[in-house]
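Protein sequences, first through last, are from chains A and B. To convert, count from 1 in the first sequence and add 4; that's our numbering. To convert, count from 1 in the second sequence and add 377; that's our numbering.
In short, the hints are calculated from the structure, not lab data. Bear in mind that the values here come from a model prediction, so they are computed numbers and not experimental data. We put the beta carbon where it would ideally sit given N, CA and C, even for glycine. Careful: at least some of the hints might be erroneous.
Which residues of chain B face chain A? A few of them, derived with a C-beta cut under 10 Å, are [claimed, not checked]:
hint, residue
1, Glu382
2, Leu383
3, Leu388
4, Leu392
5, Lys397
6, Val398
7, Gln403
8, Leu404
9, Ser406
10, Glu422
11, Arg428
12, Val429
13, Ala430
14, Ala576
DSBU-like, lysine-lysine: derived pairs with alpha carbons at most 35 Å apart [stated by the list, open to error]:
hint, chain 1, residue 1, chain 2, residue 2
15, B, Lys637, A, Lys61
16, A, Lys72, A, Lys163
17, B, Lys397, A, Lys27
18, B, Lys426, A, Lys8
19, B, Lys637, B, Lys426
20, B, Lys625, A, Lys148
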Amino acid sequence: MDEKEIFERIRKGDEKALEFIYKKYYRMMTKLVITNSGTEDEARDVYQDALVVFWQKARSGNLVLTSKISTYIYSICQNLWRKELDRKKRLSNEEKDSAESLDMDSPEREKIIAKCLEQLGETCRKVLMYYYFDEMSMQEIADKLGFANTDTAKTKKYKCKQKLDELVKAQYSEQDFLD
Amino acid sequence: MSNFELIDDYLTNRLAEQEKVTFEQQLGSDPALKADVDLQKHILEGVKKARVAELKAMLNNVPVGGGFSAGLTAGKIAAAVVAAGILGTSIYLYLRPGETNKETPSAIVENKVAPGTAGKEAEIKPSESPQPAKEQPVKIEPKKERANSFRKKGPSKAAATPKPKIEVIDPSDELVENSTKEVSAAENQKSAITTSHIAVELNSTNRKYNFHYQFAGGKLILYGAFDKSLYEILEIHGDHPAVFLFFKENYYLLNEQQNKITSLQPIRDGALLRKLKEYRGR
Numbered sequence: 005m006d007e008k009e010i011f012e013r014i015r016k017g018d019e020k021a022l023e024f025i026y027k028k029y030y031r032m033m034t035k036l037v038i039t040n041s042g043t044e045d046e047a048r049d050v051y052q053d054a055l056v057v058f059w060q061k062a063r064s065g066n067l068v069l070t071s072k073i074s075t076y077i078y079s080i081c082q083n084l085w086r087k088e089l090d091r092k093k094r095l096s097n098e099e100k101d102s103a104e105s106l107d108m109d110s111p112e113r114e115k116i117i118a119k120c121l122e123q124l125g126e127t128c129r130k131v132l133m134y135y136y137f138d139e140m141s142m143q144e145i146a147d148k149l150g151f152a153n154t155d156t157a158k159t160k161k162y163k164c165k166q167k168l169d170e171l172v173k174a175q176y177s178e179q180d181f182l183d
Numbered sequence: 378m379s380n381f382e383l384i385d386d387y388l389t390n391r392l393a394e395q396e397k398v399t400f401e402q403q404l405g406s407d408p409a410l411k412a413d414v415d416l417q418k419h420i421l422e423g424v425k426k427a428r429v430a431e432l433k434a435m436l437n438n439v440p441v442g443g444g445f446s447a448g449l450t451a452g453k454i455a456a457a458v459v460a461a462g463i464l465g466t467s468i469y470l471y472l473r474p475g476e477t478n479k480e481t482p483s484a485i486v487e488n489k490v491a492p493g494t495a496g497k498e499a500e501i502k503p504s505e506s507p508q509p510a511k512e513q514p515v516k517i518e519p520k521k522e523r524a525n526s527f528r529k530k531g532p533s534k535a536a537a538t539p540k541p542k543i544e545v546i547d548p549s550d551e552l553v554e555n556s557t558k559e560v561s562a563a564e565n566q567k568s569a570i571t572t573s574h575i576a577v578e579l580n581s582t583n584r585k586y587n588f589h590y591q592f593a594g595g596k597l598i599l600y601g602a603f604d605k606s607l608y609e610i611l612e613i614h615g616d617h618p619a620v621f622l623f624f625k626e627n628y629y630l631l632n633e634q635q636n637k638i639t640s641l642q643p644i645r646d647g648a649l650l651r652k653l654k655e656y657r658g659r
């Protein structure tokens, strides 16, 4: 696969192409973090985060690559790791408490929604993720999940979202959620 | 358009500019609508986070052959050739302690990357100033804590603290396959160093074999949690070829003729270990 083909496949939402890139550049990207005070786990985490950013940007259709894919991903890794070093530095300056207290509820909320998504079932979960995260069109969702047409995809998305809303609301009152 | 669709389109930036302005005006004067939008916003964020977690879990399952370590650059090749002779003797003595042979292996090749990965190591460009990470060691937080708070921090006080500088490797240099540097290096050492062709497959799901290997189907299969940490394959060419695995600070001899699943035994021979370590450190 050449660069153009890889990018095109990622742009179309081909996860195998993302796996291909992950494997191909793993060593180089993780080296950046490891040679700059990072652990292997941190390196892997940063690289994966960078690839997710790349994936989402490519999927959005707004990304025009003017450099090699590796150069682009590398710059994302650099930025992410720099931010992480920055964060660690702030924490070491006894700002830990204030940093943590800013978003205490968020992980809890994420857990609730993740749990509700699990309850939705595979198809619904994929429809919602593809629509909201990957920003796929109804046609793309229909193609990817084998729906008859875009109307089916649209109806499915509508019903799945409503079901998710119900599940979330059933578990927590609105007040709990927003406070 | 129902409120449900309107909110959905607003939060996914699918409203036309005029519709967006009208909706935001409505939002300012309708607390119930505002609360609904906030709730939907959280739900969409949760969906996105779940997708990120799914993608990362998918990537975690991708076997990555080899990983970080210092590798060969054109500049290091000459040193590697010198080391190869010394190392080869040790290996030969290790493998056949009862025999004598004055010949030395002609080459040594490191294969630390997955098949398909560009093999040339990038040079690390020295930064203008020493690394802050070295001058002011940062506290390494446990991964879990980091994962929860990574990139969703409060107001930045970065202005008050200098930005950490990180060493930069030029990725384009590393990834240019058949680059000029690579060709010239290959020309210089063509007879001594060749690219390794050992393909590696990982099997971390086999319960019976959890630290084993075999050569089968033209590739090396490693059984065990090799996807959890980084490993290296050191390949020695020459009259007495040998393949070694470096994993978690231990070296293991891999018999290329071994097509049965065999347990991995760490090398204990001090002299050979020193040589392997010395070479690997180059």
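Hints, verified against the model:
| no. | hint | verdict |
| --- | --- | --- |
| 1 | Glu382 | holds (8 Å) |
| 2 | Leu383 | violated (13 Å) |
| 3 | Leu388 | holds (9 Å) |
| 4 | Leu392 | violated (15 Å) |
| 5 | Lys397 | violated (17 Å) |
| 6 | Val398 | violated (23 Å) |
| 7 | Gln403 | violated (19 Å) |
| 8 | Leu404 | violated (15 Å) |
| 9 | Ser406 | violated (19 Å) |
| 10 | Glu422 | holds (8 Å) |
| 11 | Arg428 | holds (4 Å) |
| 12 | Val429 | holds (5 Å) |
| 13 | Ala430 | holds (7 Å) |
| 14 | Ala576 | violated (12 Å) |
| 15 | B:Lys637 - A:Lys61 | violated (46 Å) |
| 16 | A:Lys72 - A:Lys163 | violated (41 Å) |
| 17 | B:Lys397 - A:Lys27 | violated (42 Å) |
| 18 | B:Lys426 - A:Lys8 | holds (28 Å) |
| 19 | B:Lys637 - B:Lys426 | violated (44 Å) |
| 20 | B:Lys625 - A:Lys148 | violated (41 Å) |
Of the numbered hints given earlier, the model fails hints 2, 4, 5, 6, 7, 8, 9, 14, 15, 16, 17, 19, 20; all others are met.
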